[in-house]
Amino acid sequence: MAAALRHPKVWIFGICLFPLARLVFLGGSGGLGANPIEFITHSTGTWTLAGLMVTLSVTPLRRLTGRAELIRYRRMLGLFTFFYACLHFVTYVWLDQFFDPAAIAKDIVKRPFITIGFAAFVLLVPLAATSTRAMMRRLGRRWQQLHRLVYLVAILGVIHYTWLVKKDLTQPLIYGAVLALLMIMRLPWGVMLLQSVRSRFVPARF
Amino acid sequence: MLIRKPGDILPSDITPPEIYRERRRFMQGMGVLAAGAVLGATRDARAGAKLAGVRASAYKLDEERTSFKDATTYNNFYEFGTGKADPAASAGSLKTRPWTVTVEGEVGRPRTYDIEELLKLAPLEERVYRLRCVEGWSMVIPWVGFPMHEIIRRAAPTGNARYVEFVTLNDPRQIPGLRSHVLDWPYVEGLRMDEAMHPLTLLAVGMYGEVLPNQNGAPIRLVVPWKYGFKSAKSIVRIRFVEKQPLTAWMRATPSEYGFYSNVNPEVDHPRWSQAKERRIGEFFKRDTLIFNGYGSQVAQMYRGMDLKKYF
Numbered sequence: 001m002a003a004a005l006r007h008p009k010v011w012i013f014g015i016c017l018f019p020l021a022r023l024v025f026l027g028g029s030g031g032l033g034a035n036p037i038e039f040i041t042h043s044t045g046t047w048t049l050a051g052l053m054v055t056l057s058v059t060p061l062r063r064l065t066g067r068a069e070l071i072r073y074r075r076m077l078g079l080f081t082f083f084y085a086c087l088h089f090v091t092y093v094w095l096d097q098f099f100d101p102a103a104i105a106k107d108i109v110k111r112p113f114i115t116i117g118f119a120a121f122v123l124l125v126p127l128a129a130t131s132t133r134a135m136m137r138r139l140g141r142r143w144q145q146l147h148r149l150v151y152l153v154a155i156l157g158v159i160h161y162t163w164l165v166k167k168d169l170t171q172p173l174i175y176g177a178v179l180a181l182l183m184i185m186r187l188p189w190g191v192m193l194l195q196s197v198r199s200r201f202v203p204a205r206f
Numbered sequence: 001m002l003i004r005k006p007g008d009i010l011p012s013d014i015t016p017p018e019i020y021r022e023r024r025r026f027m028q029g030m031g032v033l034a035a036g037a038v039l040g041a042t043r044d045a046r047a048g049a050k051l052a053g054v055r056a057s058a059y060k061l062d063e064e065r066t067s068f069k070d071a072t073t074y075n076n077f078y079e080f081g082t083g084k085a086d087p088a089a090s091a092g093s094l095k096t097r098p099w100t101v102t103v104e105g106e107v108g109r110p111r112t113y114d115i116e117e118l119l120k121l122a123p124l125e126e127r128v129y130r131l132r133c134v135e136g137w138s139m140v141i142p143w144v145g146f147p148m149h150e151i152i153r154r155a156a157p158t159g160n161a162r163y164v165e166f167v168t169l170n171d172p173r174q175i176p177g178l179r180s181h182v183l184d185w186p187y188v189e190g191l192r193m194d195e196a197m198h199p200l201t202l203l204a205v206g207m208y209g210e211v212l213p214n215q216n217g218a219p220i221r222l223v224v225p226w227k228y229g230f231k232s233a234k235s236i237v238r239i240r241f242v243e244k245q246p247l248t249a250w251m252r253a254t255p256s257e258y259g260f261y262s263n264v265n266p267e268v269d270h271p272r273w274s275q276a277k278e279r280r281i282g283e284f285f286k287r288d289t290l291i292f293n294g295y296g297s298q299v300a301q302m303y304r305g306m307d308l309k310k311y312f
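Chain order of the listed sequences is A and B.
Residues 1 to 206 in this note's numbering are what the first sequence lists, from first letter to last.
Residues 1 to 312 in this note's numbering are what the second sequence lists, from first letter to last.
You may find that some hints are simply not true.
Simulated pairs of lysine-lysine, DSSO-like, Cα-Cα distance not exceeding 27 Å [as the list claims (entries may be wrong)]:
| # | chain 1 | residue 1 | chain 2 | residue 2 |
| --- | --- | --- | --- | --- |
| 1 | A | Lys166 | B | Lys277 |
| 2 | B | Lys309 | B | Lys244 |
| 3 | B | Lys310 | A | Lys106 |
| 4 | B | Lys310 | A | Lys167 |
| 5 | B | Lys277 | A | Lys106 |
No lab work stands behind these hints: they were computed from the structure.
Using the sequences and the accompanying hints, generate a full structural model.
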């Protein structure tokens with residue numbers, strides 16, 4: 001038990017469950033407000049976006065700190081992101097539309113923000129499905145090519161958020177800015193910047 | 001729509017019991033203070049204070065009222081933030097006394113009313129109306145107020161008065177949210193003259209038998225039950241009679257999404273979401289949205305011959 005607690009993965013797992021635990025707690029104590037379904041929809045959506053940003057920050061963080069082992073936590077972060085995306089999707093299909101296939105189909109076709117959000121969710125499925133070690137081995141180089149889809153998913157996620165808000169774009173723009181930063185850090189120029197910062201401030205570890 | 005004959009309603013019928021009891025305790029606690037204030041004998045302006053002399057009206061609904069808590073904690077009042085809980089959290093900074101409402105423009109008798117005069121302008125009556133938000137949720141709220149036509153009649157509009165414009169308070173010292181430019185302040189709304197004159201159109205000063213809470217648009221707001229909620233301007237300081245159709249705050253912000261009429265209509269979708277259904281706050285399943293929010297038999301004739309998709 002004590003040994004397990006020393007493992008960072010256990011801690012990360014626990015932290016990643018916080019958004020769900022919070023919803024369960026608020027639901028049990030009547031804290032979801034006047035419109036609980038809207039609250040759950042927004043909350044799971046927001047945490048999906050946050051999960052995408054955290055997952056995408058692993059590589060820049062690795063370059064910045066030189067800690068290659070950070071990559072070991074990326075899969076778990078990615079899968080938790082998918083987990084919250086599933087909750088978000090289920091909330092929409094079940095609580096919001098109540099399994100009305102006609103209404104859902106109409107929504108996906110007619111509402112651009114639903115179209116985009118649905119596309120982002122669909123694109124996440126193959127990424128989650130190929131997250132096992134066996135699939136990585138089987139796909140080889142193509143695994144990485146496939147998983148570059150996550151950039152598209154993140155962009156679609158931010159657009160989905162931007163198009164659904166009535167007027168106040170503050171929150172979507174914050175996610176957009178974070179995503180832009182994370183993308184810039186992947187360009188050759190950004191990679192060089194991260195490495196120069198690292199060599200200046202982080203003592204080399206041998 | 002079902003309109004029942006006015007009957008005697010007890011305050012306990014219209015107020016959820018937890019609120020009623022809470023208010024009782026509040027009133028008991030206030031007893032000592034009230035005894036001291038009785039010489040001053042001014043009306044208590046604070047939210048939560050009971051409004052005296054409110055008559056029942058024929059405008060009742062056979063639908064369950066939204067709880068007082070939900071109706072006062074889940075609000076759209078962008079001047080106090082764009083989150084639903086923001087107005088309840090931050091509208092305390094709004095000062096509702098002293099307060100004046102200026103009636104001006106194309107009228108024979110322009111004047112500035114003190115809010116205390118407005119409270120005595122016409123008998124206050126309770127009216128239970130549906131409220132449908134453009135975002136797809138709805139409530140049932142017992143408002144207290146008087147018909148808008150009471151003010152219009154006294155103002156004696158000229159022949160040029162074809163529209164009425166409503167302007168919300170624009171004072172960043174009291175309303176910090178005005179410093180953010182979510183909308184072009186001040187908040188402006190408008191009605192066509194016949195809409196403003198319509199007997200359903202209400203100027204509300206209270207809800208649930210009490211003084212209007214700040215987050216619900218104190219001290220005086222418009223209630224137009226067959227239109228989406230944003231048409232019902234809150235915390236009004238100016239009522240202006242004009243010849244040309246006013247440019248409302250939402251039309252200015254997003255003309256493709258918000259039109260002047262904004263009548264509740266399940267067949268005319270918002271460009272980005274469907275208006276066919278709504279979630280009644282407090283209910284689990286969505287319900288079908290009614291044309292003109294269920295007030296069609298009273299208001300549809302005003303729009304006869306108009307293409308409601310064009311004049312959305």
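Under the criterion that the straight-line Cα-Cα distance not exceed 27 Å, is the pair B/Lys310, A/Lys167 satisfied? 22 Å, holds
Is the hinted pair B/Lys309 and B/Lys244 satisfied, with a Cα-Cα distance of at most 27 Å? 21 Å, holds
Distance restraint between B/Lys277 and A/Lys106, which requires alpha-carbon spacing of 27 Å or less: The given pair, whose Cα atoms are some 13 Å apart, holds under the 27 Å limit.
Starting from A/Lys166, check that the Cα of B/Lys277 is at most 27 Å away, please. 18 Å, holds
Check whether the Cα positions of B/Lys310 and A/Lys106 lie no farther apart than 27 Å. 22 Å, holds
Of the numbered hints listed earlier, not one is contradicted by the structure.
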